[in-house]
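Residue numbers (the numbering used here), protein chains in the order written: chain A, 1 to 187; chain B, 1 to 187.
Treat the hints with care, since some could be wrong.
BS3-like, lysine-lysine: derived pairs with alpha carbons at most 27 Å apart [as the list claims (entries may be wrong)]:
#, chain 1, residue 1, chain 2, residue 2
1, A, K166, B, K133
2, B, K182, A, K87
3, B, K142, A, K87
4, B, K133, A, K173
From the structure, some residues in chain B lie toward chain A, with a derived Cβ separation under 10 Å [as the list claims (entries may be wrong)]:
#, residue
5, A44
6, L46
7, S54
8, A58
9, L60
10, A61
11, T115
12, N120
13, W121
14, K133
15, P135
None of these hints come from the bench; they were simulated from the model.
By construction, the Cβ of each residue, glycine as well, lies at the ideal position given by its N, Cα and C atoms.
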Amino acid sequence: MKPRALLLLLAFALVSSSAASEECYSVGAAGGSVSFELRQAGAPFRGAFRRFGGAICLAQDRMARIDVWLEPASVDAGLPEIDAALKEKEFFETARYPRITFTGNSGEARGEQQTARGTLEIKGRRREMQVTFSLRRNEGGPVVSGSLTLNRLDYGIGTGEWSDTKWLGAEVKVDFNVKLAAVKAPN
Amino acid sequence: MVHYRNSSEAYGIIAQAFHWLVVALVLAQLGLGVFAASLPIGLARLQWLSRHKSLGLAILAVVLLRLAWRAMNQPPPLPGSIPGWQRRAAVVTHWLLYLLLVLAPLAGWLHASATGLSVNWFGLYLVPDLVAKDPELAEVFKQLHLALVALLALLIVGHAGAALRHALWLRDGVAHRMLPWKPRRKE
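All chains, full assembly: derive it from the sequences and hints.
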């Protein structure tokens, strides 16, 4: 065998072995939820995002790769006029920034509890963050659920008059509960 | 001499204080509501509507206390010169006013609950929601609130008109039962 062919075979074996140890899943909006809560005028206000997706890969029950996105234009706060305002420049500016993304690259697992570190990008602003969630293997497939808290001002959500945190709280709690669907390994 | 309780001549100062306090609060509240509703989606709308909600709940509390006081204090009788139909009209108007002063804020509270824009009373106390968030129900309560307020405004005009007629035209002492000074009766 020619050395070049041997190298190619070796490379293929490496790729396929890493693919075999990694289970990849797709994240779909069906059966899942991503909701948020913040304070308006001192009272809790809740809403949800209807469109989100992405891919998650596990290796030895640990998060190996997370690549998820969410469309802020799918925001549903229960009031059409508020949803419309949230798509505007002062909030998500969805025409310019159609997607919010989280890209995780390292994770730790302790039983069902997972911690992933990665980059959250909203409106072009990137911040490193750590997200803790649980990974449960249910009959219908794995389920990822957890929550994270962020400061909306770090990402320019609610600029101008809306940066008044007395009337619109800075802290936003995001809860997520998503089902993972297995993706066939490419072999 | 100061009468705290109602006498056969006039309302006592407690009933009078309740009456004029409610007059001041309700007039301020009507102005506040109309003004806030005219504002576009923005911080000012959130601020003024929040104040409107807090004031509405304050009015509800004051009116309930007023009704409790009223239950323990018979109103001073009308002079014998008042025709029967006017007596009946007065009784119906007064009870409708009381009813609307309870129902209008209640419908507003229901509306705030159903929209998910809960009330933090003047930033001091988080008021519980009466119903769960429901956009369709919110629209129903909004229309109900507006209808009740319109009816209330109409009755206020009728009530104030009748009182002014008694005070300025008839000068029969009827309106002065709700005033802290003695009437100048027509000779």
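Hints and how they fare:
Simply put, K166/A and K133/B have alpha-carbon atoms about 23 Å apart, close enough for the 27 Å limit, and the pair holds. Distance check on the hinted pair: K182/B and K87/A sit about 62 Å apart at the alpha-carbon level, beyond 27 Å; violated. Restraint check: the Cα-Cα separation between K142/B and K87/A comes to about 24 Å, which is no more than 27 Å; the hinted pair holds. For a cut-off of 27 Å, the pair hint linking K133/B to K173/A stands: about 18 Å separates their Cα positions.
About 8 Å separates the beta-carbon of A44/B from the nearest beta-carbon of chain A, less than 10 Å, and the hint is met. For L46/B, the suggested interface contact is upheld, since its CB lies about 6 Å from the closest CB of chain A, less than 10 Å. Of the supplied interface hints, the one on S54/B holds, with its beta-carbon coming within about 9 Å of a beta-carbon of chain A, less than 10 Å. A hinted interface residue such as A58/B counts as satisfied when its beta carbon comes closer than 10 Å to some beta carbon of chain A; here the least separation is about 15 Å, so the hint is violated.
Because the beta carbon of L60/B sits about 17 Å from the nearest beta carbon in chain A, more than 10 Å, this interface hint is broken. At about 18 Å, the closest approach between the beta carbon of A61/B and any beta carbon in chain A exceeds 10 Å, and the interface hint on this residue is violated. Of the supplied interface hints, the one on T115/B holds, with its beta-carbon coming within about 6 Å of a beta-carbon of chain A, less than 10 Å. Here the hint on N120/B is kept, as its CB sits about 3 Å from the closest CB of chain A, short of 10 Å.
Interface restraint check: W121/B against chain A, minimum CB-CB distance 9 Å, threshold 10 Å, status holds. Taken as an interface hint, K133/B checks out: its beta carbon lies about 5 Å from the nearest beta carbon of chain A, inside 10 Å. With a cut of 10 Å, the hint placing P135/B at the interface with chain A holds, because the nearest CB-to-CB distance is about 5 Å.
Taken one by one, the earlier hints fail for this structure at numbers 2, 8, 9, 10, listed in ascending order.
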